[in-house]
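Protein sequence lines correspond, in order, to chains A and B. Here our numbering is used: the first residue of the first sequence is 289, the next is one more, and so on. Here our numbering is used: the first residue of the second sequence is 3, the next is one more, and so on.
Calculated directly from the structure, the hints in this document are not laboratory data. Treat the numbers as computed from the prediction; the structure is a model and nothing was measured. By construction, the Cβ of each residue, glycine as well, lies at the ideal position given by its N, Cα and C atoms. Accuracy of the hints is not assured; some may be wrong.
[Unchecked claim] Beyond 12 Å from chain B on every Cβ pair, some chain A residues (computed):
1. F424
2. T533
3. D583
[Unchecked claim] One-sided excerpt, in silico: chain B residues whose CB lies under 10 Å from chain A:
4. E109
5. G116
6. G123
7. A172
8. V177
9. R209
10. S210
11. S254
12. S338
13. S341
14. T343
15. V346
16. F363
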Amino acid sequence: MREITYREAIKEALIEELERDDQVVIMGEEVAHYNGAYKVTEGLLDRFGDKRIVDTPISEAGFIGLGIGASMLGMRPVMELMFWSFSYVAFDQIVNNAAMVRYMSGGLINVPIVIRGPANGGTNVGATHSHTPENFIAYTPGLKVVCPSNAYDAKGLMKMAIRDNDPVYVMENTLLYGQTWEVPEEEYIIPLGKADVKREGSDLSIVAHGRSTITALEAATKLAEDGIEAEVVDLRSIRPLDIDTVLESVGKTNRVLLVDENKPFCGVSSQISHMIQLEAFDYLDAPIRRVTSIDSPAIYSDPLEKEQLPNPARVDKAARALLEEVSV
Amino acid sequence: MATKKTARASAGPVAKAAKAKINSSLSDDAKIGLLEEMIRIRRFEERSLRAYQQGKIGGFLHLYIGQESVAVGSLSVLGENDHFITAYRDHGHALACGMTMNECMAELYGKVTGCSRGKGGSMHFFAPDKNYWGGHGIVAGQTPLGLGLAYALKYNNIEGVALCYLGDGAVNQGVFHESLNLAALWDIPVIYIIENNGYSMGTSEARSSKFTGSLAKRAEGYDMAWESVVANHIYVVREATDRHVRYAKETSKPVLLELKTYRYRGHSVADANSEKYRTKEEIQNYQDTMDPINVFRKTLIDEGVIDEDRVKQIEKSAKDEANAAAKFADESDFPSVDSITEDVYWETDNPDQRQSGGRMFFHS
Ligand SMILES: Cc1ncc(C[n+]2csc(CCOP(=O)(O)OP(=O)(O)O)c2C)c(N)n1
């Protein structure tokens, strides 16, 4: 099968949906003439023209709000945030409008908007530019959150997100954009809320999402050299959440390690951990462990940022510690 | 009210500015000092660009090359009770207020000897001891903070102003307009300086702002004084800033001042498109005719204040200083792993004086 980058896969999803539905428009800072800050929208302006591919001023609250309004009238805007860190400028629109209009109107109005862009640390851009806010979004009922960990998933999930009738936040990852994966030529979609076992194993379950899945897979390969077989479950979307696939894996391995670029306090892994102990307590041979970002703002300095984020070495260490714990 | 006129880049405004007391009273040494300051900033930036290309600096590096007359000129008229704050293109302001090349370069390298101890990086320089309240990464996020600095001065009956720098792209953020309204409504002595270099990333002013005759004219909607000037001559920047600083102090009212300038490099060093959204000729033309360093050097030569040999000496020592700073940064240590969770809460760094119970940090 052909291999394409994560970036190209997302672009293909956008192109296919732009062609399929004339209510889809792409909007954001530098998405058109500049071809996208991260080149995800490269060439789209030439292909679809400036009615469909629209540059905005630096006015996040304004253009995200505009997208929400347009979606209320049936459009399917796909809004790019140059960095998820900047979504905070638009947070009122996201949380008070996108998430709540449907509820407050008693289901009269749908908000089929997609908000997408890179979220993450690891690029040495300091505290204000390195947020990983999927927990903020997932916290809010009414919003959906998708975190693709590879090109195949990114394409299938993005297409589904655009067709979804609720606001969907697709959190991409700057560090993955240039990496390649196998992606078929034929059209496919991936439903939201379907986790994926990325590696089968019997000794422990590593549950991750987004780039943390790649970190987990790297660590799992290393652990296998010592005969430790880790199963890696990729959540793919945080809301809807496929906890059943996670529980199934726990039933098989009896030990869980959560890898999550969120901070530990009130992060995504806090929720997963709670649900596992609630529904699979009897299957656990050891307490659930987590590898998260260190609980502080993102540090600029490169070697320290690498340490601050989940990395294969930290996952390796936590996995071994988990296996050493004996149940009584 | 301050004058509401857009000056043109003719000899007129420069000659007029040169005669203003703030400039005419400058000693020869002080004039040379201003030129030196601009040259130091440029050499520092060029050296940091090289370090970036060598992979010694990570993340973003937004260079100030071409805009030197703005930071050096406007900051040079401030007094000890005046404060300032800026966005992420912050190296020029840092050096202009007296921060050392060593601490600035070391910060770019992510070293513990950096001004923010390796925690802030290029976009987050701070020197509160020099009345410099930072480098801020979110576009327009600093604009209400600048308002707050001036508010605190007024609250404490301190005769001072706050300068708050922003880019032409930042004027389209809601928070900027909220800041202007509050400043005008409450008579806060803040001077917003739009460093209009014509572009926000790859978007020209004309493609991001509806009314482009003067971005500063938006102040009229808030009944606020404003002015737009071509800012490549440091005398013009000094004269305008000084006049508005005095106005703000006398009246306790805000000002919106637009300083028209230009950036030579891409939005950041990583901006692969830097020559796609504007022509090479446009950049070259500005460099040839408007460059703030060349223009001021020529003025000082014409005034008989300096000769070419002296300029060469200044160039050389600025270059040496920048190289030494790079060496200093290179040889400095990275911060320790323990320091990742320092500087988050005051109480964790001062456990003896801790005031609350409960845990501050959570581990995975
Ligand atoms: C809220 C927010 N949105 C987007 C960005 C990304 N970004 C950083 S700088 C910039 C352009 C700003 O241009 P301008 O204000 O004109 O300042 P200049 O770069 O010209 O100094 C953009 C879009 C950001 N940092 N913050």
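Results for each hint:
1. F424: Label holds. Min Cβ-Cβ 16 Å, cutoff 12 Å.
2. T533: holds, 22 Å
3. D583: violated, 5 Å
4. E109: At 8 Å from the nearest chain A Cβ, E109/B passes the 10 Å test, so the hint holds.
5. G116: holds, 8 Å
6. G123: Interface hint status for G123/B: holds (3 Å vs cutoff 10 Å).
7. A172: holds, 7 Å
8. V177: Hint on V177/B: holds, closest Cβ of chain A at ~8 Å, below 10 Å.
9. R209: Status holds, d = 7 Å.
10. S210: This interface hint holds because 4 Å falls under the 10 Å limit.
11. S254: For S254/B, the interface hint is violated, since the closest Cβ of chain A sits about 30 Å away, which is over 10 Å.
12. S338: holds, 8 Å
13. S341: Constraint on S341/B satisfied, holds at 7 Å.
14. T343: Holds. Min distance 5 Å.
15. V346: At about 5 Å, which falls below the 10 Å cut-off, the nearest Cβ of chain A leaves the hint on V346/B intact, so it holds.
16. F363: Cβ of F363/B sits 5 Å from chain A, so the hint holds.
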